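S.K.: Single-letter residue listing:
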Amino acid sequence: MKKHIITSLLYTAITAVLLGVVYPLVVTGIAHLAFADKASGQLIHNANGEVVGSKLIGQAFTGANYFHSRPSAAGTGYDAGASSGSNLGPTSKALGDRVTASIATETNGTPVPVDLVTASASGLDPDVSPAAAFYQVARVAKERRLSEDAVRQLVADNITPRQFGILGEPRVNVLNLNMKLDLMAPAK
Amino acid sequence: MTTNGWLQIALYFLVLLALTKPMGSYLTLVFDRRRTWLDPVLNPIERVVYRLTGIDADEEMRWTQYLAAMLIFSAATLLLTYIVERAQAVLPFNPQHLPGVEPWLAWNTAVSFTTNTNWQAYTPETTMSYFTQMFGLATHNFWSAAVGLALAVAFIRGISRREMKTLGSFWVDMTRGILWVLAPISIVFALALVSQGVVQNLRSYDTAKVVEAQKSTTTGADGKSSTTIISTQTIAQGPVASQEAIKMLGTNGGGFFNANSAHPFENPTPFSNFLQMLSIFLIPAGLTVMLGQMTSSPKHGWAVFAAMAILWFGGVAACYWAESHATPVLAATSSQVSPLQSGGNMEGKETRFGIANSTLFATITTDASCGAVNAMHDSFTPLGGMIPMVNILLGEIVFGGVGAGMYGMLIFVIVAVFIAGLMVGRTPEYLGKKIEAYDIQMAMLYLLIFPLIIKGFTAIAVLAPTFGLSSLTNHGPHGLSEILYAYTSATGNNGSAFAGLNANTHWYNASLGVAMFAGRFLMLIPMLAIAGNLAAKKSVPATAGTFPVTTPLFTTLLTGVILIVGALTFFPVLSLGPVLEHLLMRAGQSF
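Protein sequence lines, in the order shown, are assigned to chains A and B.
FYI, the numbering for the first sequence is 1 to 188, going by the working numbering.
FYI, the numbering for the second sequence is 1 to 591, going by the working numbering.
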């Protein structure tokens with residue numbers, strides 16, 4: 001028994017250093033040599049060098065002149081320091097009320113694509129479906145005084161297809177789309 | 001449901017199938033201590049570890065010694081994590097200056113990671129420092145997986161050995177599992193994840209100046225609403241990829257971030273998602289081949305694999321079907337699948353994964369004792385959310401957790417062989433071993449401890465408005481599902497959640513901690529007792545009356561036994577939770 005205890009303590013200490021310090025630091029080192037940008041979160045900088053976001057992390061957009069992102073349950077919305085889903089169940093009244101309110105905001109007269117009024121799992125979903133992006137074209141074009149065709153083309157050009165042609169779902173990165181939109185016709 | 005969705009599910013299975021035999025053969029070499037191509041690098045490290053810790057590499061342990069070593073080692077690692085959590089404020093790699101973790105939560109988390117559960121009653125990015133995550137938690141992802149692997153190897157030795165009293169050395173099995181299997185695959189896998197965008201750094205959280213500032217209106221306690229302008233976004237960082245790799249490979253499942261594998265920094269692309277799902281089943285599937293090879297009955301290994309694959313596919317198909325349909329609250333939206341959207345019940349799911357990958361992940365993570373999530377199970381449809389719950393309730397034997405799935409499945413194999421024996425009226429045999437009263441008593445003990453803990457604690461919690469029901473987010477039958485899922489996940493050492501339940505309370509931290517502890521360690525005792533008992537038995541030659549364990553008939557019987565035992569045990573409580581909720585939802589009720 002005593003031998004087991006001594007062995008356990010020594011074994012814990014040695015493997016903790018190997019697996020809890022050496023392993024992550026080795027991976028960090030190699031990651032920064034091979035994929036420096038990706039290992040640091042693919043941050044986007046503006047002309048002044050300030051960080052304006054990450055390519056992977058969604059941001060809230062609610063103004064009529066931007067493409068809207070999905071509802072978010074992360075903090076006050078898209079708080080990437082507090083990721084979370086809504087965790088509201090299928091028979092939740094609160095979910096029903098929230099969806100109804102979102103539909104009222106988003107509607108253009110036809111039924112709203114489902115992802116645009118449902119909260120994502122992380123609360124940080126960077127994407128909406130192509131259906132949800134195309135759905136907003138008329139509103140955004142009107143607000144930006146652009147032709148609908150030009151805005152529709154912008155969306156079409158920014159669809160990320162399935163990876164390797166098969167994996168995942170086609171999608172549109174909302175932050176990227178809105179930054180391109182700002183370049184095309186600056187927000188007032 | 002789409003053709004592409006089914007293609008992705010089929011592709012997943014084909015890749016898994018292709019990797020099963022190479023993985024299994026490699027595992028056999030590692031645990032039989034035969035030559036592998038990694039020996040030149042790893043043999044010296046192995047020798048140093050043994051020398052520094054005083055381990056005798058040729059020691060053989062009886063089942064009781066094996067159990068004692070495992071329990072004492074687990075206690076030591078649990079203690080380490082508890083201390084690291086409590087003291088993180090004064091330890092390095094804490095750029096956010098997070099304070100020490102409070103005692104109840106620290107206990108719950110230490111138990112959770114020691115037992116391979118990775119239940120998380122906390123929000124990691126605001127609670128755990130980088131050091132705690134690396135040194136206190138990710139280490140457990142290796143240890144608890146290696147412990148599971150060692151126990152499965154010991155059990156299989158119990159079946160294959162003849163008239164021996166010992167099952168091998170716990171320390172040697174642990175060390176070889178870590179050095180030859182978990183660590184090398186994790187390094188490669190972690191870098192593959194970084195290549196997809198999983199972050200790996202030690203920097204403090206970034207602050208981004210957002211493109212469109214948002215107004216946030218909150219209503220205070222005095223009823224007055226106040227408006228704040230939010231113009232920045234905090235972006236949590238960390239050494240994520242190194243932890244993510246072993247989190248999946250070791251079927252641990254504890255997320256670096258609160259949103260787990262739904263968080264874009266943990267699981268950024270469909271390919272990272274594919275790799276994560278593959279790594280959950282990689283070792284458990286390989287173990288079926290190792291079972292066949294070590295018992296000199298390769299076909300038996302594949303017969304067990306087939307039973308697992310059938311149960312896996314049934315779960316995926318049902319969950320995919322259920323989630324492809326929007327719930328009544330989404331009736332006013334456009335939820336039909338089209339080339340432009342995956343449609344269906346998108347609440348709690350990520351756009352890049354859609355319905356197919358969310359349901360495939362949910363099924364896999366609960367078939368195994370992983371518990372990572374890329375979609376929020378709490379927001380699944382009643383029947384879609386029942387599938388993950390049922391997978392855990394069946395005992396996580398559908399490929400299952402690393403090692404734990406294999407020995408859990410072998411308990412069912414013994415029961416199935418016993419039932420076959422009863423049907424023809426002769427003493428059952430399993431791979432040349434007579435299965436006798438003691439073995440069946442222990443197997444039944446294993447199978448009974450599990451529902452006793454789950455239903456016992458659930459019953460207490462639902463009867464207690466003050467400490468049990470007060471944690472619920474959802475009401476009506478879904479509330480019962482939240483509580484039932486919590487104890488199911490804890491006892492099954494899964495770690496996924498119907499996360500609407502606020503589990504960071506004294507009652508839930510304490511009781512779920514006990515459930516995790518019992519679900520791991522209490523169940524191990526009868527399991528190892530069977531292994532020790534089997535190892536000591538003589539081998540009897542197979543006769544015309546021996547029930548073959550290599551045929552489709554055996555696979556069918558095994559699948560049937562698993563489903564019947566599960567259904568008899570849990571149907572009543574499931575009918576009050578998800579089934580009732582489904583019927584009320586169809587009738588237009590909400591809560």
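None of these hints come from the bench; they were simulated from the model.
Computed from a prediction, not measured in an experiment: that's the story for all the values here.
Fair warning: there could be bad hints in the mix.
[Unchecked claim] If you anchor each label on the Cβ, the simulated ranges turn out as follows:
hint, chain 1, residue 1, chain 2, residue 2, range
1, A, G165, B, T556, 30 to 40 Å
2, A, A64, B, P103, 43 to 53 Å
3, A, K93, B, A437, 17 to 27 Å
4, B, A587, A, V21, 54 to 64 Å
5, B, W6, A, P161, 16 to 26 Å
6, B, P328, A, M184, 23 to 33 Å
7, B, F591, A, A101, 32 to 42 Å
8, B, E60, A, V21, 12 to 22 Å
9, B, R51, A, K2, 41 to 51 Å
Ideal Cβ positions, reconstructed from N, Cα and C, are used throughout, including at glycine.
S.K.: Next step is simple, just say for each hint if it's right about the structure.
M.R.: We went through each hint and held it up to the structure:
1. Between G165 of chain A and T556 of chain B the Cβ separation comes to about 38 Å, which falls inside the hinted range of 30 to 40 Å.
2. Take A64 of chain A and P103 of chain B: their Cβ atoms lie about 50 Å apart, and the range 43 to 53 Å holds.
3. A C-beta distance of roughly 54 Å is found between K93 of chain A and A437 of chain B, which places it outside the suggested range of 17 to 27 Å.
4. Between A587 of chain B and V21 of chain A the beta carbon distance is about 57 Å. The supplied range of 54 to 64 Å therefore holds.
5. Distance hint for W6 of chain B and P161 of chain A: a CB-CB separation of about 19 Å, consistent with the stated range 16 to 26 Å.
6. Hint check: P328 of chain B to M184 of chain A, Cβ distance near 40 Å, so the stated range 23 to 33 Å is violated.
7. The given range of 32 to 42 Å is broken by F591 of chain B and A101 of chain A, whose C-beta atoms sit roughly 19 Å from each other.
8. Checking the proposed 12 to 22 Å range against E60 of chain B and V21 of chain A shows it is violated: the Cβ atoms sit about 33 Å from each other.
9. In this structure, R51 of chain B and K2 of chain A break the distance hint of 41 to 51 Å, their C-beta atoms being roughly 19 Å apart.
Of the hints listed earlier, those the structure fails to meet are numbers 3, 6, 7, 8 and 9, in rising order.
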